[in-house]
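Engineer: One line per chain: the protein sequences are A and B, in this order. Be aware that the first sequence starts at 13, since it is given in our numbering, and climbs by one per residue. Be aware that the second sequence starts at 4, since it is given in our numbering, and climbs by one per residue.
The set of hints was computed from the structure by calculation and includes no laboratory data. Predicted, not measured: the structure shown is a model, and the values here were computed from it. Beta carbons: idealized from backbone N, C-alpha and C, even for Gly. One should not assume that every hint holds.
Residues from chain A shown here face chain B by an in silico Cβ test under 8 Å; the list is partial [unchecked claim]: (1) Glu19; (2) Tyr20; (3) Thr46; (4) Leu49; (5) Asp64; (6) Ala115; (7) Pro117; (8) Ser120.
Pairs of lysine-lysine residues, derived as DSS-like cross-links and limited to a Cα-Cα distance of at most 30 Å, are as follows [stated by the list, open to error]: (9) A:Lys56 / A:Lys66; (10) B:Lys60 / A:Lys66; (11) B:Lys60 / A:Lys56.
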Amino acid sequence: MLLSRFEYAAARTVEEAVSRWGESPGAAYLAGGTDLLTQMRIGKRAPRLLIDIKRIDDLSAIRERTNGDLSIGAAVPLAAIAEHPIVRERYPLLAECCTRVGARPLRSRATMIGNICNASPAADTAVALLALDAEAAACGPSGSRAIRIADFFTGPGETSLLPGELVTEVVLPLAASGWRGAYFRLSRRRGMDLATVGVLVARSNGEDPGRHRVALASVAPTPLRVPEAEACLDRNGAAAAPRAAEIAREACRPITDLRGTAAYRREMVGVLVRRGAAALDRRTK
Amino acid sequence: MTEHTITLRVNGLEESRTVPSNQTLLSFLRDTLDLTGAKEGCGEGECGSCIVLVDDKPVNSCLMLAVEADGCSVTTIEGIGDASRLHPLQSAFLAHTAVQCGFCTPGMILAGLALLRENPSPTEAEIRSALSGNLCRCTGYRQIIDAVLAAAAAMRGEAARAPEEKTG
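Please build the complete structure, drawing on both the sequences and the hints.
Structural biologist: As structure tokens, this is what we get:
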């Protein structure tokens, strides 16, 4: 089956991609295409030009910077991120979240940066990037800038990106390499399905040891961190799990949809935060 | 609309064709090259009946444009065996009655092949995970998982267990 009509151009550099967008507003950047082509097929989006960014060498690599931070390019597929030795060693929570998206064939094409730009409230990689204090680099018609992942999501399918801005990479700080924990994810079936509820609970074993992170997926208009729940666990560890769970239940803003009711989601946020805190406790014993 | 000339290898043979921007790789394989093994089920990457290998990685060919495959190497079910010389996975699917209507089978076999190339000794859980993007409306999956386990053993050079021996 053919998709509706559009033009296609493969850019060789970021500058070329952005300048093509400038010549043809209404264009869309194409990375893995697993969300974009699906949305085009159902008529939700109808870009006149697809600007393929996968032939841009700079965007196709995972690179360690001289300061030890790790840069993941916009064209790197989820499978390659999950298999990367540095990601697995330093950021196992991100590797875990990357393997929870779709199924293996989808992850051959789908990219992490596409996952965050699609800005589903259920984005599995977003919770890990929030917990790891990641930062996105964007390049657009009016220049380049850095956007903290904490400031990236503004609503369902909405981000703080300006028209024509292309996310070129996401940078994971070296300082975040000590975060360990678990991502609990409920879905109707284990493969392919979007999360009904996702809860990540992590603790730092590296820089600033003993600090916690609590990040939620599928229970608010955007992926969400709950700093008050984190502070509660920071002060009292696993003993504070019931209180942290209560805070997270209050912080989430779930909706009822075909995957679950708002009441179920809220209840499960509490259950999974307690379970996550208990898992951290077992890990240190 | 723009057209693009692409050159790629399909099942080992070089093909050079002109394709419209909006043609999917699946449509290119089926409608242009007449390789109808890969099927369109959902057209949204949910069912896996369109899975082929692109540069040895399993992909949903319904969610990839033909123009994106320029320079790539594509393997379809037609490239891994034929009636006179079945691939061990194909033999195992027959031996285990893992084929009923057959619509999902090419995708199942290519997803299984991608797994076995990366991991020649997968556990049942690893097989279930690798095939979680493939839907089958007939078999209930048990026979398919058994077939992949048996094919893995055969490809490792171990004697294949007959399906009957597994009961009881």
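Engineer: If a hint holds in the structure, say so; if it doesn't, say that too.
Structural biologist: Verification of the hints:
Against a cut-off of 8 Å between C-beta atoms, the interface hint on Glu19 (chain A) holds, since the closest Cβ of chain B lies about 5 Å away. For the restraint placing Tyr20 (chain A) at the interface with chain B, the shortest Cβ-Cβ distance is roughly 4 Å, inside the 8 Å limit, so the hint holds. With its C-beta approaching chain B no nearer than about 5 Å, Thr46 (chain A) sits inside the 8 Å limit, and its interface hint holds. The criterion of a C-beta within 8 Å of any C-beta in chain B is met by Leu49 (chain A), whose closest approach is roughly 5 Å, and the hint holds.
A hinted interface residue such as Asp64 (chain A) counts as satisfied when its beta carbon comes closer than 8 Å to some beta carbon of chain B; here the least separation is about 7 Å, so the hint holds. Interface restraint check for Ala115 (chain A): the shortest CB-CB distance to chain B comes to about 3 Å, inside 8 Å, so the restraint holds. The closest approach between the C-beta of Pro117 (chain A) and any C-beta of chain B is roughly 4 Å, which is under the 8 Å cut-off, so the hint is satisfied. Using the Cβ-Cβ criterion of 8 Å, the hint placing Ser120 (chain A) at the interface with chain B is satisfied: the shortest such distance is roughly 4 Å.
Proximity of Lys56 (chain A) to Lys66 (chain A) is assessed by CA-CA distance (about 23 Å); at most 30 Å being required, the pair is judged to hold. In summary, the hint linking Lys60 (chain B) to Lys66 (chain A) is supported, as the alpha carbons are separated by about 16 Å, within the 30 Å threshold. Taking the CA atoms of Lys60 (chain B) and Lys56 (chain A), the gap is near 29 Å; set against the 30 Å cutoff, the hint holds.
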